[in-house]
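Order-wise, the sequence lines are chains A and X.
At position 9 of the first sequence the residue is numbered 9 (the working numbering), and the sequence of numbers has no breaks.
At position 1 of the second sequence the residue is numbered 1001 (the working numbering), and the sequence of numbers has no breaks.
By construction, these hints were calculated from the structure, which means they are not laboratory data.
Ideal placement from N, C-alpha and C gives every residue a C-beta, glycine not left out.
It is possible that part of the hints are untrue.
[Said to hold, decoys possible] Here are the simulated lysine to aspartate or glutamate pairs, EDC-like style, with alpha carbons at most 16 Å apart:
#1 A/Lys59 <-> A/Asp83
#2 A/Lys96 <-> X/Glu1072
#3 A/Lys51 <-> A/Glu67
#4 A/Lys36 <-> X/Glu1059
#5 A/Lys57 <-> A/Glu15
#6 A/Lys96 <-> X/Asp1106
#7 A/Lys59 <-> A/Asp18
#8 A/Lys96 <-> X/Glu1030
[What the hints assert, rightly or not] Taking CB as the label site, the calculated pair distances span:
#9 A/Glu17 <-> X/Asn1065: 18 to 28 Å
#10 A/Val13 <-> X/Gly1016: 25 to 35 Å
#11 A/Lys57 <-> X/Ala1082: 38 to 48 Å
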Amino acid sequence: GQQVMQIPQYQHVQEGEDFTTYCNSSTTLSNIQWYKQRPGGHPVFLIQLVKSGEVKKQKRLTFQFGEAKKNSSLHITATQTTDVGTYFCAGPRTGKLIFGQGTTLQVKP
Amino acid sequence: NAGVTQTPKFQVLKTGQSMTLQCAQDMNHEYMSWYRQDPGMGLRLIHYSVGAGITDQGEVPNGYNVSRSTTEDFPLRLLSAAPSQTSVYFCASSYGGEAQPQHFGDGTRLSIL
Chain A
1 GQQVMQIPQY QHVQEGEDFT TYCNSSTTLS NIQWYKQRPG GHPVFLIQLV
51 KSGEVKKQKR LTFQFGEAKK NSSLHITATQ TTDVGTYFCA GPRTGKLIFG
101 QGTTLQVKP
Chain X
1001 NAGVTQTPKF QVLKTGQSMT LQCAQDMNHE YMSWYRQDPG MGLRLIHYSV
1051 GAGITDQGEV PNGYNVSRST TEDFPLRLLS AAPSQTSVYF CASSYGGEAQ
1101 PQHFGDGTRL SIL
């Protein structure tokens, strides 16, 4: 079964509100990757976190990697309609890259 | 560069038919993989390859075969299609393996009647 769990599955926000998705692994990860998939599109790599406790920012997006390297989060400040899509975390595991179930974000203008 | 190219983009099959989904990349990536995407299930790994001549099973390999005769190509075969294989299939590749950023193709939307 899924070894990388992601919550929530869906999130509806008003434009301008903040959004957070959480990712949890059953085992320690060497790194965590985040991807975004627009409706009807394919997953596109956003960022990779490697170090324990690492925090990275991309404009309004803030990514964190937990101290134990078993959890991660993506926070979007002041969402815009362009943020609509599904956000996936993924963790490498002995030759395989395992994805979480994804969080689908809807933004009401 | 074309990146990762998947063909066809759409396909409808009847139960029991066979089909090959094509995937090609022109980035000289050693690592290639196939995922299926179903609602609420995220992306599930079917098979992957760390280089030409080497393939291995992912999370959901049953009903699918792969081969990797060249670095560029990684076809996925359905030997006897079943309705449960209705899904969107994505091929991905990367330079340094599973721990590196993956480049995805546009996907193949497959319906099995």
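Query raised in the report: Which earlier hints can't be squared with this structure?
Result: 2, 4, 5, 6, 9, 10
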